[in-house]
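Colleague: Sequence:
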Amino acid sequence: MEQNTQGKKEEIDREFIEDLLKSYSERLIKAHEEIERLKHENAILKERIAILVGKKQP
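In the working numbering, the protein residues as written are 57 to 114.
Any given hint could turn out to be false.
As the list claims (entries may be wrong) - Calculated cross-link-like contacts (lysine-lysine; reagent style BS3-like; alpha-carbon spacing at most 30 Å):
| hint | residue 1 | residue 2 |
| --- | --- | --- |
| 1 | Lys95 | Lys112 |
| 2 | Lys78 | Lys95 |
| 3 | Lys112 | Lys86 |
| 4 | Lys112 | Lys102 |
| 5 | Lys78 | Lys65 |
Derived by calculation from the structure, the hints in this document are not laboratory data.
Using the sequences and the hints, build the whole thing.
Modeller: Printed below as a string of structure tokens:
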């Protein structure tokens, strides 16, 4: 009986850890995508600033 209970607990723990890892993996992927988007946006803003600064100089 105790072994059966222990086995069920281990199964629940394993499933919980797998779900947690899947969740963290999904969050990491989304964070990486956001970082790449921000890098692209930053590059565009730098180009616009360079253009504006270039127009102000005589």
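Colleague: Given the hinted pair Lys112 and Lys86, is their alpha-carbon gap at most 30 Å?
Modeller: violated (39 Å)
Colleague: Assess, step by step, whether the Cα of Lys95 is no farther than 30 Å from the Cα of Lys112, and give holds or violated.
Modeller: At roughly 26 Å apart (the allowed maximum being 30 Å), Lys112 and Lys95 satisfy the hint.
Colleague: Keeping to a limit of 30 Å between CA atoms, is the pair of Lys78 and Lys95 held or broken?
Modeller: Judged against 30 Å, a Cα distance of about 26 Å means the pair holds.
Colleague: For the pair we were handed, Lys78 and Lys65, check the Cα-Cα distance against 30 Å.
Modeller: holds (20 Å)
Colleague: Going straight from one Cα to the other, do Lys112 and Lys102 come out at no more than 30 Å?
Modeller: holds (15 Å)
In summary, the structure is inconsistent with hint 3 from the numbered list given earlier, while agreeing with all the others.
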